[in-house]
Amino acid sequence: MTQAGTAVAATAPSAPADRLPRRRGVELFLIVLAVLLPVCGYCAVGLARNGAVPPGAAGYGAGLGVLALVAHIAVRLRAPYADPLLLPIAVLLNGLGLVLIYRLDLETPGDEAAPAQLVWSTLGVGLFILVVLVLRDHRWLQRYAYLGVASALALLTMPILFPAVNGARIWIRVGELSIQPGEFAKVLLAVFFAAYLAANRGALAYSGRRVWRLQLPTGRVLGPVVTVWLLSVCVLVLERDLGTSLLFFGLFVVMLYVATGRIGWIAVGVLLATAGAVAVGSLEPHVHSRFEEWLHPFASIEAGQGPGQVAQSLFSFAAGGVTGTGLGLGHSILVGFAVKSDFILATAGEELGLAGLSAVFLLYALFVERGYRAGLALRDPFGRLLATGLASLMALQVFVIAGGVTGLIPLTGLAMPFLAQGGSSVVTNWTIVALLIRVSHVARRDYDGTVAP
Amino acid sequence: MTRCIRHAAAFCVLLLVALLVNIAWLQVLQSPTYGGNPANRRPAIARYQQPRGEILVGGRPVTGSKDTREQLRFERTYTDGPLYAPVTGFASQLYGTTLLEYSEDAVLSGSDPMLAGFGLWRGVAGGRSPGGNVVTTIDPAAQRAAFEGLGGRKGAVAAIEPTSGRILALVSTPSYDPSLLSGNRPAVSAVWARLNEDPERPMLNRAVRQTYPPGSTFKVVTAAAALDAGVVQDLDEPTDSPDPYLLPGTNTWLYNEADGCANASLRHAFEWSCNTVFAKLGVDVGVRGMRAAAEGFGFNDKKVRIPFSVSPSTFDTRVDRAQLALSSIGQYNTRATPLQMAMVAAAVANGGQARSPYLVERTTRQNGGTVSTAGSRPARQVMLPATAARLKELMTDVVTEGTGGNAAIPGATVGGKTGTAQHGLGNAGTPYAWFVSWAQGDDDVEPRVAVAVVVEDASARRGDISGGGTAAPIAKAVMETVLHAPPAG
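Quick note, the sequences are listed as chains A and B, same order. Residue 424 in our numbering sits at position 328 of the first sequence, and the numbers go up by one each step. Residue 163 in our numbering sits at position 157 of the second sequence, and the numbers go up by one each step.
Rather than coming from a laboratory, the hints here were simulated on the basis of the structure. Quick reminder that beta carbons are idealized off the backbone N, C-alpha and C, glycines included. Do not take every clue at face value.
Claimed, not checked - A short, non-exhaustive set of chain A residues, derived as facing chain B with CB atoms under 7 Å: (1) G416; (2) H427; (3) L453; (4) A455; (5) F457; (6) A461; (7) G471; (8) L472; (9) R480; (10) T484; (11) T502.
What the hints assert, rightly or not - So these bits of chain B aren't anywhere near chain A, every CB distance computed over 10 Å: (12) T39; (13) L100; (14) R200; (15) W259; (16) E301; (17) S378; (18) T402; (19) D448.
The following block holds chain B by itself, in its conformation from the complex (with noise of 0.2 Å):
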């Protein structure tokens, strides 16, 4: 019987050893296939068990996180959600995220490796750093005066800095609160189908991610194009033009809005928007000078990152001359974001220097360390010198004289370009009111903010639409923000 309970024994050890091999193979060699699995909740778990860092707008945090004891433990919170929403986007625990939320999250979440200020520990530890703050240039009082002076309208406003490409509104109307679609309850399904289903899109990003006609706002770039190649030498010369124009080798007749535009000068043209005086400098220009010029400005680039990505604004380069002459007065496939407009009449403002729009100033640790800085970003010249003093003084001419009345501010010097772009089949649609802008304080040394406002209001009457009667108010209200507000440091 002895023999009999040894061979007993060694049976229970081979058991044993199997025991052993199986779950050494499983903890070890399978550990990260089965970390790695889809159907594995753990890293979201991980991810939402530590409170997100914040996104601080003028020094103060506009999100912040609610502990739901729950198994994802902590939901985002947003103060003044629907305000913020086109800056923060939205982190949900069913959508995932966008917007800052998305190009930040590493950051944000905590894996970002730059957080643990020990690399070698953290790869000890295992561990998840505390979430870190993304720091934006957005100053909070221009960024509501946007909003407020948008009001219920349908649009989108774009402020940058112009001497940093510091983006100091970014606005989309009508607007969402990010907060409903944070948690995982059905109410969280209900409001994202609602979001989707609403004819309004009200979680299009309208300032960056939705892309307009410019109309007339585009013929700052035909004029810099003109100027940059000497099509036009003075301001006040007759430009050579026709009222109407016929568009180059077609039947169709070019009008204006504007009385006084045949043979106008470039001044008198740009003050009053003559349509015919443009058509024919783009042509005279040619294509390969206003793509330049317009690429100069960034049309045309897929790659702009501020940091999350935004829609390319586009320049057609495949185009005959009747083309040519209606894109050159932001017609045909030209198209642009607010932002994009933004960025035109801040380099116009800037000198000639366009600088690439940012929306992150730096991120830091939770402690306030530094993570990162936005640093100094290089200036691309995009037209000489001389040419930006005189589309300055052309678009100064245009608040204190022509069509751009409403958004003069006693006290400053105040640049600015109206447009009604038309769109939709046969322009069946309402026109777009547009209206971009920069202001410099005449205490100033340099210009403080340009500002891009599109409107596409509906429900006015399309008489109503004008970019000087709907969107002026609005760049004016934002401009004076700013020129109120102490120059940052």
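Isolated chain A (complex conformation) (with noise of 0.2 Å):
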């Protein structure tokens, strides 16, 4: 890398490139915009519901303001190469989650959600700053993979020792505070498949006995990571978390795949994940019941019980139509429990319509995207996993939880990353976006011209 002036690399094109732009002001005026939006929208709920912009909107925007500035000063003292799109889009979705909780807890006075969601973001926010701060090099993150998988295991047990809310066994409650541990294993172990895997693909790839035309790698490579991956996929199972398991599976199947570019492990990965899928479809009536649901929607209607949730939430989109109802002006809050959390898509698509929902998943797309643009621009494996792991992650969650609930497959619940209702979710998203910051800050101070950034 040459530090070259910037006359060199326009004229010669060919030549290894310099460093891309900063851009750290497209980022503060992205961010100016991600801050408004949400405003509006906080205003817009209130003119719709009372006639007057809610009195809060005045310290609704300077609190989401600051949040937003704090953490771009951070961006711009430690990360200054940063992708400049991941954290406006952050703060938007956040934002937008704020609106849209707040709008539903005019629905249910007596149980609000959106002052403990804000809580939860600063906290998040906070998080992000610290690692911004803090991890000068991602690759640092190598050296704890194994402590981090230890951890996230315990925080994945934890749990069963509490009692089960709702049919699931995620939750661990201490006093008022109600923390979900499986969601931040999750970073933890994308942290541990991507060291893992970056420390092993050449043997991965290339030792073992061949099968048919499949290549096995040997069981000393390939033990110690299915172990893990079995092993929370069990304990999920267990807990009846299903979700997070379906985003473990295609984790570890999507990383696999990308450190060994080989096809055979989707084939495997497919048809473990089926099979696993139907014995526990068939055996588990939790499940059972869900994949039903899923099927027939309706069928509790004709049975004369009233429409069932995804019943509730088809007919929360379908009322939204093209341009929505409004924010603050549709019924999302029929569908009842989990409607600010694993449900709130169905508030997005009834209020914003097919233009808002749309635009909400464009968002997530982007984000996706910029977080595989970073991995392509690095150069160290463990750097290229981290950033390609960490964005199939928040792609995965998205399809599996907004396709759960526009029925598109079987409803498992999980959280929209930003936009829901869950101070666990929202803490380690902010966690992700920082460690994304991070990685895109190297991958753009690095770049070398062979990949478009």
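Using the hints, put the two chains back together into the complex; each one sits in its own frame.
The following block contains the structure:
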């Protein structure tokens, strides 16, 4: 990497390029937009519901603005080359989530979730700043991969000691606080997979016996990672946390494929997943009922028991139409239980319509694309795998939960990143943004012109 | 590894496309289907999201709305609910709507496209208009007079303006308070169950939804048929009728309650309500003539709307001569609603012209702009004007000299006809007391009001039940109220 002037790069595009421009001004501009948009939404809810701008609008805007600004300053200080889109997208989605939760709080007086969500968001941004400031080099994480996976497994097992909530054993309750440790385990697991696969990718790809057309690596190489993965999936099945087990499974297959480049792994993975899904689906009544509800969302209506949650969610999306009813004017509260968490997308679909919902999906897509782009531009295998893993994690989360509430796939409980109510989820996702900011900083700083950033 | 990351990215694009296609299908193509699913609460929520329009009586709303801040937000309230229940009906979140609340629902709920000033804009905005108002023809004083006149007794009153068909009073007792049915709380279901199980049937609108044997009040129809057909030429000529009268083709004798009915004149027979004379007259006119007269007044019309439906009053046309004789004195299968009998009196008072009764003067937008008006209704000539004039004379005689003396009003011409209708197996039931009448003030150029009253008072002693004694004072009270009010513009 040279430190030559921009003129050289401009006149000789085929030569090893310079670092990419920093684009911090663009980021600031986008952050201002990303704060203004939710503030407008907040006012729209108040105007639609009470005919007046909500009294907290200024405070809400200031709070979100200060959080975003502090995060931006941290990026300027320690990751000046970072991708300028990641932070604004996260701020916008988090702000939109707060608006949607505030809007739903109006329907459930006495059970307000927005203030807690704001506190968790602050914590998340705090953790974001901490990671951006402290983690000078992402490769440092590689050294602590095993410690990370040990804590991930510990976190995953902890909820077994606590009582089940709504059919799933995934929460820890400490007084008023309830934490979902599986959320934190996601990032730790992605880090571990990246570290392990980066260290052993040669052995995984080229050693071992060949069975038919498939080259199997030796048990010694594959053993630890499969063990970790199997353990976590087993624990999750025990806890009936289907969404997260599906997520971990997908993450593992994608990262294994990216590390080894062998399509056979995907085939094996899909086969195993299908077998597992069929087994769990037929043996476990909780899962079986969700599968049935996916196939026949209106069966309970015909049985005279009224619409189930999936049916209510479909009604919500359908009621939104193309342009939506407008913020505050929909009736997604009919979804009932989990409307602020798993089903938050129903509110977005009803009140923002197809137009707004597509915009939300495209925001996620853009975020994921930026993650992959950082992965492509990086040169160290760990960083590449980490960026790919985190981007895939985000994409899989969005697909699994969005597909579930729109009836595309069976419903599994997962939180829509940034949008849904849930402290652990918000904090975890801000950590993902922080890690992507860090790796994208390295990627864009050390850009060598071989792949488009 | 680069190639594989690109593959992973491509896979994510696939997932995104699947999501986008699915929501587009859901939100565009499935939107109407899911919106119309009966289990979808949104239409109901939208319906109760705004206050319902008002039903106005005498310029004042008798309805209102209560903001419950619940999911189905606005609930109906009623002022003087029991008094106006036979007009308004109820608007319940659990049990739907009835009567005016039902037939004018589009205006009241704001879904009528006519309510929106600009139809196109409404299509774009997709919203509901504010609920419109329904202005009724009811005269609040007459309504109250009728209600208080009936007191606690079971019965009904219908009053109409003969020259226009405007319904001035529509009362049914015992009544109920429709506001008890408005909401969706468990108490509403309890009230619903209680009202439905009540043997007094308080939710039955006796004025328009219950038919009674009209008894002697039907003699007005028979007299009109006889005069029109020329069976009777002179009111004071003997009618050549025996007392008792042997029903043709049977061994059954028909008797009179009154004296002097043998070979009585039509005037005497009408004043004293001779069964024998009218039974014979009906037979003399024949089925075809009787049917024409009855149907002219509105019997056998299954399509009467005021604008809610009215139970058809019946005059059986497939009868033998004995049955025709009984039908002609308002027995056998002859049945009439109080509103129908008020129409009979109104047609007589109005020179033989019958006008379709109506209850809604006009509907307006919330800001007062008119959506629709009742307009002028076509009149049907149901008897010769000369016949009507002679019938008016006969009915006036009933009040001045005959059985209807209790309806006389100083300073006004009042015509009436009493009735005591037998019913039940072997006439075992307590008879119904009827009175139909009309009134015209001495200074009025036109008759002002026609009334029909029926009292089915099971608690009274049988001997006390008579149209003149029980029903006529109620009719008098209603007529007096209307006559004393300044004529409507």
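Verification of the supplied hints:
Hint on G416 of chain A holds. Least Cβ distance to chain B is approximately 6 Å, under the 7 Å limit. Residue-level restraint check for H427 of chain A holds (minimum Cβ-Cβ distance to chain B is 5 Å; threshold 7 Å). The interface hint given for L453 of chain A holds, since its Cβ lies 6 Å from the closest Cβ of chain B, which is under the 7 Å cut-off. For A455 of chain A, the interface hint is violated, since its Cβ never comes within 7 Å of a Cβ in chain B; the closest pair sits about 11 Å apart.
Against a cut-off of 7 Å between C-beta atoms, the interface hint on F457 of chain A holds, since the closest Cβ of chain B lies about 6 Å away. Here the hint on A461 of chain A is kept, as its CB sits about 5 Å from the closest CB of chain B, short of 7 Å. Given the 7 Å rule on beta carbons, the hint for G471 of chain A holds: about 5 Å separates it from the nearest Cβ of chain B. For L472 of chain A, the interface hint holds, the least distance from its beta-carbon to any beta-carbon of chain B being 6 Å, beneath 7 Å.
Hint status for R480 of chain A: holds, given a least beta-carbon distance of 6 Å to chain B, under 7 Å. Interface restraint check: T484 of chain A against chain B, minimum CB-CB distance 5 Å, threshold 7 Å, status holds. Hint on T502 of chain A holds. Least Cβ distance to chain B is approximately 5 Å, under the 7 Å limit. A Cβ of chain A approaches the Cβ of T39 of chain B within 10 Å, the least distance being about 7 Å, so the stated non-interface status is violated.
The Cβ of L100 of chain B sits about 15 Å from the closest Cβ of chain A, beyond the 10 Å cut-off, so the non-interface label holds. Its beta-carbon lying about 26 Å from the closest one in chain A, R200 of chain B satisfies the requirement of being farther than 10 Å from that chain. With a minimum CB-CB distance of about 61 Å to chain A, W259 of chain B clears the 10 Å threshold, and the non-interface call stands. Interface exclusion of E301 of chain B from chain A stands, the closest Cβ pair being 47 Å apart, more than 10 Å.
The claim that S378 of chain B lies off the interface holds: its Cβ sits roughly 31 Å from the closest Cβ of chain A, which is beyond the 10 Å cut-off. With 10 Å as the threshold on Cβ separation, the claim that T402 of chain B sits away from chain A holds: the shortest Cβ distance comes to roughly 63 Å. No Cβ of chain A approaches the Cβ of D448 of chain B within 10 Å, the least distance being about 58 Å, so the stated non-interface status holds.
Of the hints listed earlier, those the structure fails to meet are numbers 4 and 12, in rising order.
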